[in-house]
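Undergrad: Here is how the chains run, residue by residue.
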Amino acid sequence: MNGRPRRSRSQRLTIVNAMLVFVIVIVVLQLWLLTASVNAYLAGDRAIVLPAAAASLACFALNAGLLRYLRGLDG
Amino acid sequence: MKPAIDPLPAGQSAVTSGERPLTAPDGRPAAGQPKWRRDFPIDLGQDDVVSRRELVRFLVLTSGAFVVGQVWLAIKSLVERAAPPAPALAIASTDEVPIGGAKVFEYPAGSPPRLLIRTGASAFVAYDQQCTHLLCPVIPMVAEGRLHCPCHNGWFDLATGRPLAGPPRRPLPRVTLEVRGRTIYATGLEVSP
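Line by line, the protein sequences are chains U and W.
Going by this note's numbering, the first residue of the first sequence is number 3, and it counts up by one from there.
Going by this note's numbering, the first residue of the second sequence is number 106, and it counts up by one from there.
In isolation and in its complexed conformation, chain U is listed as follows (with noise of 0.2 angstroms):
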C-alpha cells in the first residue's frame, strides 16, 4: 500500500465545499480590509494601511494554499 487511500467522490466534494466555504469567508474578509484601509486612507490614517496589506498578503497565502490542497486532492 503506497500513499494516501484514494477519496470517494462524495468525500471529495464535501472536501470542496468546505473548502470553497473557507476560501469565500477568507475572500469576504479581505473585502472587508480593503474598504476599511481605503476609508482610513482618505481620512488621513496612513498607520493602518501597512498592518491590512500584511493581513491581505496572508489571506491570499492562506487562499494559494486551499487551492494547492485542492489540485491535490485530485493528483
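Quick caveat, the hints were computed from the structure, so don't treat them as lab data.
Errors might be hidden in some of the hints.
Said to hold, decoys possible - Cut-off 20 angstroms, straight-line C-alpha distance, at most; resulting in silico cross-link-like pairs (SDA-like, lysine to any residue):
1) W:LYS181 - U:ILE50
2) W:LYS208 - W:ARG158
3) W:LYS181 - W:GLU295
4) W:LYS208 - W:ALA193
5) W:LYS181 - U:ARG14
6) W:LYS181 - U:ALA57
7) W:LYS181 - U:PRO53
8) W:LYS181 - U:GLY46
9) W:LYS181 - U:ARG48
10) W:LYS208 - W:ILE244
11) W:LYS208 - W:PRO134
12) W:LYS181 - U:ALA45
13) W:LYS208 - W:LYS181
14) W:LYS208 - W:THR281
15) W:LYS140 - W:SER156
16) W:LYS181 - W:LEU294
17) W:LYS181 - U:ALA56
18) W:LYS208 - W:GLU295
19) W:LYS181 - U:ASP47
20) W:LYS181 - U:THR37
21) W:LYS208 - W:THR224
22) W:LYS208 - W:PRO146
23) W:LYS208 - W:GLY225
24) W:LYS181 - W:ARG251
25) W:LYS208 - W:ARG285
26) W:LYS181 - U:TYR43
27) W:LYS181 - U:LEU75
28) W:LYS181 - U:ALA42
29) W:LYS181 - U:ALA20
30) W:LYS181 - U:VAL27
31) W:LYS181 - U:ALA38
32) W:LYS208 - W:PHE229
33) W:LYS181 - U:ASN19
34) W:LYS181 - U:ASN41
35) W:LYS181 - W:SER216
36) W:LYS208 - W:TRP141
37) W:LYS181 - U:LEU33
38) W:LYS181 - U:PRO7
Owing to the predicted nature of the structure, the values given are computational and were not obtained by experimental measurement.
Chain U is already provided as a structure; the job is to place chain W on it using the hints.
TA: Frame of chain U, contents of chain W only:
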C-alpha cells in the same frame, strides 16, 4: 470538465483520462450506453465538482486582486510619507476677504480647490472645498458656525471641520494658515482621522 465516457467512436470501451478510468454512472461501457449519453458524456456529479473548483480558482484570483489593491495603497502611503511638505504659499491678503466671506484657492498649486474663510476680525480657517462624502463643493455659513453640503444635506463644524450631520463621516481636510502682516499663507495640510 472531463467526459464521463468516450463519446466517439460509439461502441468502444470506456476510456481512461490520466490515471483514472472513466466510466458511465451505471458502470457499463460506452457501447452499451444510449445515444444521448454518448452525445453528451458529462457526468452530473463530476460536473458539480469541476464547477466548484473553478469557482475556488476564481475566488483565489479575486483574493490576489485585493492584495494588489492593498499593496498599491501601502506603496502610495509610503511615497506620500517620504515626500517633502509643500512650501508656504501666499493665498490672500487680509483685506481681500471680509468677515463672514470666503475665497477659493489652490494649495499646493494644481490641488483640488480649498476654501479660506474669515470667521472674525483676525480669525481665518481653511478647508478642502470638496465634501468628504461625494466631493460636492461645501458652502460656508459663518453665522451658523457650519459648512453645508447642499448635495446630500451634509453639515460640518466650521471651527474644526468635523462632520456634524448628514452622510459625510470624515472631517474636511484642513489647511494650516499663518498671517504675516497683511498676507495670509497656507503652510500645510492636516488630515485628521
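Undergrad: State for each hint whether it applies.
TA: Going down the list of hints, with the structure as the test:
no.: 1; hint: W:LYS181 - U:ILE50; verdict: holds, 13 angstroms
no.: 2; hint: W:LYS208 - W:ARG158; verdict: violated, 59 angstroms
no.: 3; hint: W:LYS181 - W:GLU295; verdict: holds, 18 angstroms
no.: 4; hint: W:LYS208 - W:ALA193; verdict: holds, 17 angstroms
no.: 5; hint: W:LYS181 - U:ARG14; verdict: violated, 43 angstroms
no.: 6; hint: W:LYS181 - U:ALA57; verdict: holds, 17 angstroms
no.: 7; hint: W:LYS181 - U:PRO53; verdict: holds, 14 angstroms
no.: 8; hint: W:LYS181 - U:GLY46; verdict: holds, 12 angstroms
no.: 9; hint: W:LYS181 - U:ARG48; verdict: holds, 10 angstroms
no.: 10; hint: W:LYS208 - W:ILE244; verdict: holds, 11 angstroms
no.: 11; hint: W:LYS208 - W:PRO134; verdict: violated, 85 angstroms
no.: 12; hint: W:LYS181 - U:ALA45; verdict: holds, 14 angstroms
no.: 13; hint: W:LYS208 - W:LYS181; verdict: violated, 31 angstroms
no.: 14; hint: W:LYS208 - W:THR281; verdict: holds, 15 angstroms
no.: 15; hint: W:LYS140 - W:SER156; verdict: violated, 25 angstroms
no.: 16; hint: W:LYS181 - W:LEU294; verdict: holds, 17 angstroms
no.: 17; hint: W:LYS181 - U:ALA56; verdict: holds, 15 angstroms
no.: 18; hint: W:LYS208 - W:GLU295; verdict: holds, 19 angstroms
no.: 19; hint: W:LYS181 - U:ASP47; verdict: holds, 13 angstroms
no.: 20; hint: W:LYS181 - U:THR37; verdict: holds, 16 angstroms
no.: 21; hint: W:LYS208 - W:THR224; verdict: holds, 12 angstroms
no.: 22; hint: W:LYS208 - W:PRO146; verdict: violated, 74 angstroms
no.: 23; hint: W:LYS208 - W:GLY225; verdict: holds, 15 angstroms
no.: 24; hint: W:LYS181 - W:ARG251; verdict: violated, 32 angstroms
no.: 25; hint: W:LYS208 - W:ARG285; verdict: holds, 18 angstroms
no.: 26; hint: W:LYS181 - U:TYR43; verdict: holds, 10 angstroms
no.: 27; hint: W:LYS181 - U:LEU75; verdict: violated, 40 angstroms
no.: 28; hint: W:LYS181 - U:ALA42; verdict: holds, 13 angstroms
no.: 29; hint: W:LYS181 - U:ALA20; verdict: violated, 37 angstroms
no.: 30; hint: W:LYS181 - U:VAL27; verdict: violated, 28 angstroms
no.: 31; hint: W:LYS181 - U:ALA38; verdict: holds, 16 angstroms
no.: 32; hint: W:LYS208 - W:PHE229; verdict: holds, 11 angstroms
no.: 33; hint: W:LYS181 - U:ASN19; verdict: violated, 38 angstroms
no.: 34; hint: W:LYS181 - U:ASN41; verdict: holds, 14 angstroms
no.: 35; hint: W:LYS181 - W:SER216; verdict: holds, 17 angstroms
no.: 36; hint: W:LYS208 - W:TRP141; verdict: violated, 78 angstroms
no.: 37; hint: W:LYS181 - U:LEU33; verdict: holds, 19 angstroms
no.: 38; hint: W:LYS181 - U:PRO7; verdict: violated, 50 angstroms
Of the numbered hints listed earlier, those contradicted by the structure are 2, 5, 11, 13, 15, 22, 24, 27, 29, 30, 33, 36 and 38.
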